[in-house]
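Novice: Here are the chains, one letter per residue:
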Amino acid sequence: MISFTVNGKPVTVEDPPSTPLLWVIRDSLNLTGTKYGCGMALCGACTVHIDGQAVRSCVAPVSRAEGKKVTTIEGISPDLTHPLQQAWIEIDVPQCGYCQSGQIMSAAVLLAENSTPSDEDIDEAMSGNICRCGTYPRIRRAIHRAAEISKQRGAK
Amino acid sequence: MSVATEMKRREFLKAGAALGGGLLISLYVPEFVPAARAADSAAKPVALNAFVRIGTDESVTVISNHSEMGQGIYTSLPMLLNEELEADWARVRVESSPVDAVYNHTVFGLMMTGGSTTTNSEYDRFRKMGAMARIMLIAAAAQSWNVDSQTCRAEKGFVIHTATGRRASYGSLAEAASRIAPPKDIPLKDPKDFTLVGKPVHRLDTPSKTNGTAQFGLDVYIPGMLTAVVARAPVFGGKVVSFNADQAKAIPGVVNVVQVPSGVAVIAKGFWPAKLGREKLEITWDDGPGAALSTVEMRANFSTLSKTPGLVARKVGDPAAALAGAAKTITAEYEVPYLAHCMMEPLNTVVDLHEDRCEIWTGTQFQTGDRAAAAKVAGLKPEQVTLHTTLLGGGFGRRANPSCDFVTEATEVAKAAKVPVKVVWTREDDIRGGWYRPMWYDHFAAGLDASGNPVAWTHTIVGQSIMAGTMFESYGIKNGIDSASVEGAADILYGIPNLQVDLHTPKNEVPVQWWRSVGHSHTGFSVEAFLDEVAHAGGKDPYELRRTLLAGQPRMLAVLDLAAQKANWGSALPAGRARGIATHFSFDSYVAQVAEISVEKDGTVRVHRVVAAVDCGRTVNPDTVKAQLEGGIIFGLTAALKTEITLDKGRVQQRNFNDYPMVRMFESPTIEVFIVPSTEHPTGVGEPGVPPVAPAVANAIFAATGKRVRRLPIKPEDLRSA
Ligand code: FES
Ligand code: FES
Numbered sequence: 001m002i003s004f005t006v007n008g009k010p011v012t013v014e015d016p017p018s019t020p021l022l023w024v025i026r027d028s029l030n031l032t033g034t035k036y037g038c039g040m041a042l043c044g045a046c047t048v049h050i051d052g053q054a055v056r057s058c059v060a061p062v063s064r065a066e067g068k069k070v071t072t073i074e075g076i077s078p079d080l081t082h083p084l085q086q087a088w089i090e091i092d093v094p095q096c097g098y099c100q101s102g103q104i105m106s107a108a109v110l111l112a113e114n115s116t117p118s119d120e121d122i123d124e125a126m127s128g129n130i131c132r133c134g135t136y137p138r139i140r141r142a143i144h145r146a147a148e149i150s151k152q153r154g155a156k
Numbered sequence: 157m158s159v160a161t162e163m164k165r166r167e168f169l170k171a172g173a174a175l176g177g178g179l180l181i182s183l184y185v186p187e188f189v190p191a192a193r194a195a196d197s198a199a200k201p202v203a204l205n206a207f208v209r210i211g212t213d214e215s216v217t218v219i220s221n222h223s224e225m226g227q228g229i230y231t232s233l234p235m236l237l238n239e240e241l242e243a244d245w246a247r248v249r250v251e252s253s254p255v256d257a258v259y260n261h262t263v264f265g266l267m268m269t270g271g272s273t274t275t276n277s278e279y280d281r282f283r284k285m286g287a288m289a290r291i292m293l294i295a296a297a298a299q300s301w302n303v304d305s306q307t308c309r310a311e312k313g314f315v316i317h318t319a320t321g322r323r324a325s326y327g328s329l330a331e332a333a334s335r336i337a338p339p340k341d342i343p344l345k346d347p348k349d350f351t352l353v354g355k356p357v358h359r360l361d362t363p364s365k366t367n368g369t370a371q372f373g374l375d376v377y378i379p380g381m382l383t384a385v386v387a388r389a390p391v392f393g394g395k396v397v398s399f400n401a402d403q404a405k406a407i408p409g410v411v412n413v414v415q416v417p418s419g420v421a422v423i424a425k426g427f428w429p430a431k432l433g434r435e436k437l438e439i440t441w442d443d444g445p446g447a448a449l450s451t452v453e454m455r456a457n458f459s460t461l462s463k464t465p466g467l468v469a470r471k472v473g474d475p476a477a478a479l480a481g482a483a484k485t486i487t488a489e490y491e492v493p494y495l496a497h498c499m500m501e502p503l504n505t506v507v508d509l510h511e512d513r514c515e516i517w518t519g520t521q522f523q524t525g526d527r528a529a530a531a532k533v534a535g536l537k538p539e540q541v542t543l544h545t546t547l548l549g550g551g552f553g554r555r556a557n558p559s560c561d562f563v564t565e566a567t568e569v570a571k572a573a574k575v576p577v578k579v580v581w582t583r584e585d586d587i588r589g590g591w592y593r594p595m596w597y598d599h600f601a602a603g604l605d606a607s608g609n610p611v612a613w614t615h616t617i618v619g620q621s622i623m624a625g626t627m628f629e630s631y632g633i634k635n636g637i638d639s640a641s642v643e644g645a646a647d648i649l650y651g652i653p654n655l656q657v658d659l660h661t662p663k664n665e666v667p668v669q670w671w672r673s674v675g676h677s678h679t680g681f682s683v684e685a686f687l688d689e690v691a692h693a694g695g696k697d698p699y700e701l702r703r704t705l706l707a708g709q710p711r712m713l714a715v716l717d718l719a720a721q722k723a724n725w726g727s728a729l730p731a732g733r734a735r736g737i738a739t740h741f742s743f744d745s746y747v748a749q750v751a752e753i754s755v756e757k758d759g760t761v762r763v764h765r766v767v768a769a770v771d772c773g774r775t776v777n778p779d780t781v782k783a784q785l786e787g788g789i790i791f792g793l794t795a796a797l798k799t800e801i802t803l804d805k806g807r808v809q810q811r812n813f814n815d816y817p818m819v820r821m822f823e824s825p826t827i828e829v830f831i832v833p834s835t836e837h838p839t840g841v842g843e844p845g846v847p848p849v850a851p852a853v854a855n856a857i858f859a860a861t862g863k864r865v866r867r868l869p870i871k872p873e874d875l876r877s878a
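Those protein sequence lines, which keep their order, are chains A and B. Here the first sequence stands for residues 1 to 156, where the numbers follow the working numbering. Here the second sequence stands for residues 157 to 878, where the numbers follow the working numbering.
If we strip away everything but chain A, and leave its shape as in the complex, we get (with noise of 0.2 Å):
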């Protein structure tokens, strides 16, 4: 048994520790936003936070996990108002959306460790993650908005 929590609350799960982190999310916790892509860390599709790091939970044993904080894209505001959601919706990044909750979650990292971003920064990033729909020139476009989102934020 392996205890951690999941956007805020305390969950236990009876998967065997390798079983990797996305599947634990998505198939004993139902927690569906996480995504599949690649099983092999190349695409980010399954990008979750660990006590605060990007991380591909399609290759992190669930143990890893143990006794720290999961976030999930479905952890980053209950009401859609993280500043890369709005930004997001703001510039309508998404075409089959399949990849963005991996997207986000990457962005999330970048914009808590880098409140400006430069093109470089995004690039460094944001390249682990692929989008097969193409909307990196939105996704680089609203990553500079919600970093402005935040900082009229902050301003208040």
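Simulated from the structure, these hints should not be mistaken for laboratory data. You can trust all of the hints, since none of them are fake.
The list that follows gives simulated cross-link-like pairs (lysine-lysine, BS3-like), each with its CA atoms no further than 30 Å apart:
#1 Lys68/A x Lys431/B
#2 Lys9/A x Lys431/B
#3 Lys425/B x Lys9/A
#4 Lys663/B x Lys463/B
#5 Lys9/A x Lys68/A
#6 Lys871/B x Lys663/B
#7 Lys69/A x Lys425/B
#8 Lys345/B x Lys355/B
#9 Lys340/B x Lys200/B
#10 Lys757/B x Lys863/B
#11 Lys805/B x Lys395/B
#12 Lys68/A x Lys425/B
#13 Lys425/B x Lys395/B
#14 Lys345/B x Lys312/B
#15 Lys574/B x Lys405/B
#16 Lys696/B x Lys757/B
#17 Lys69/A x Lys431/B
Got chain A sorted already, so can you dock chain B with the ligands onto it with the hints?
Specialist: Same frame as chain A, now just chain B with the ligands:
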């Protein structure tokens, strides 16, 4: 995909009226009431026709018969409907339709999404459906107020009696409206009065795609459901001889192992044990003739074939004589590889099979076919199968499989395992699973006159047929020519007086399928890159030569000029940078692109900027048009720079994004999209952005380095500077 032949399309477009004038009201009403979703709950939803329900709580639900796979159709179709319905846009929601003949594609006669046809085929029907509902709502209000309908108008979800200012909301009128006889005559607005269509509107599905609530097929969980992964033959056409599942069954969580026609399915409590179980299977396969396939050999064979005459798809003038008499001739051979679709969401299907009914959840582009296929496996009638279309995590054609492979297989698994089951494909299954964009070879010859203008053009194409042997064969294959094999080549818009396009259609075991932009994905590259060769051979600027040859094509000429102007064609660039230009006509839309690139010492191509211009007729949601062009360009860049499927001893040599890599953020260029305003009937948008980008990049590489790229993907080792 391009299921309709060009002819069919034209007939349809001309008949635009077909829908306008000949709309069979009786098909849509009376009382065709799609089952409401439980979530609609308290508020009573009232169906005014098959495409719209109005709730007593003022909710407006538009029923979409087309699948949302990223192209924004869950917003565009409601926009069309509401343009006439005049409900409050803020209340408009969308839901996927059940499978029923009433929802059939107006051209294909089946329920399906593809060929970049949704907007053009539904442009009239959805507006008619909105207008029909509005007329009925107004009639219901007029009846209750005892006034003439003509004296009432609709506005933002209310019917208003103009003289008295009396108002009634749509929700309060819905039930009475549903009892009004549907109007026979449904006039539509003059497009100049549109208030919604043609304006940038936020997508209805965006919020749910930013908080994890959007439901894709993979996200469907039903009570008692187990998860299956299937071990499929390592060689196309291979069959199971025998298998041993002892070790697989020893994995905790594995519940059952069953054989199905496509392989061996491991069924478990969740994906992970199923996948671990599959790794432990011991299977003896009969590979069959597919085991002999190798890309190296196929390339040699295709190349040889491309130099022999094929079946003539189009002939204009006397190309042989014109070539013989030309002042200068050039020839070239082009090739592109097999490609996998790689939708971000791998294929999956949930099947809940009972003796007398079956329920299926899947992200499909081909509902009618999939439902019939499932029914056949289950021994049921199609009407006994309920198919729920979820959101699609990408489609690109793969989810409109002519043999209904993924739904058929999932139904087989459910039947063998006798439990509700979700079959999940891994990324490796996706990349190795076939149904690829065909590999193609093209052989060209061109003859130039003394002033450098092309007077002869011959183009021999070699590649498998997509439609042969499928239910689309009679549609798409005429006189042995698959229209998808020669599209973008036989119908080029350039005015070349002597032209011939012919085709060889070799057969082999590799299953092939439509892949975003289908035949255009290869002809766009080969035709536009060879035309660039012709321009240089004749000492012409590639943009100017295109202008000359497009003299009789005002719409293409306009997009070409717009793209060139926005990209500052001809102006100086920083050292090392160069531009390339290409146009392509596909899915009845006109696109031109200019790519700005540089090539690094190690041969890596950097694409800095792509400027695109498009004429796709009247736009419904302009921001969606831009998004589709942006996405098409990135999709095309991945094909230009990154991916190929190759075979050795019948085995696919790629497996995941490590060796089948996608363009990523750091490789993504700045993209600018310009739309040529038009009042023509809307045409395709989802696919036409793909074809021109590879040739624009290849032509820019020539401009930068003098090296001609004739094969995709572009390999850095071929471009390395000494
Ligand atoms: S699914 Fe984890 S990185 Fe692709
Ligand atoms: S939006 Fe479809 S994969 Fe990114």
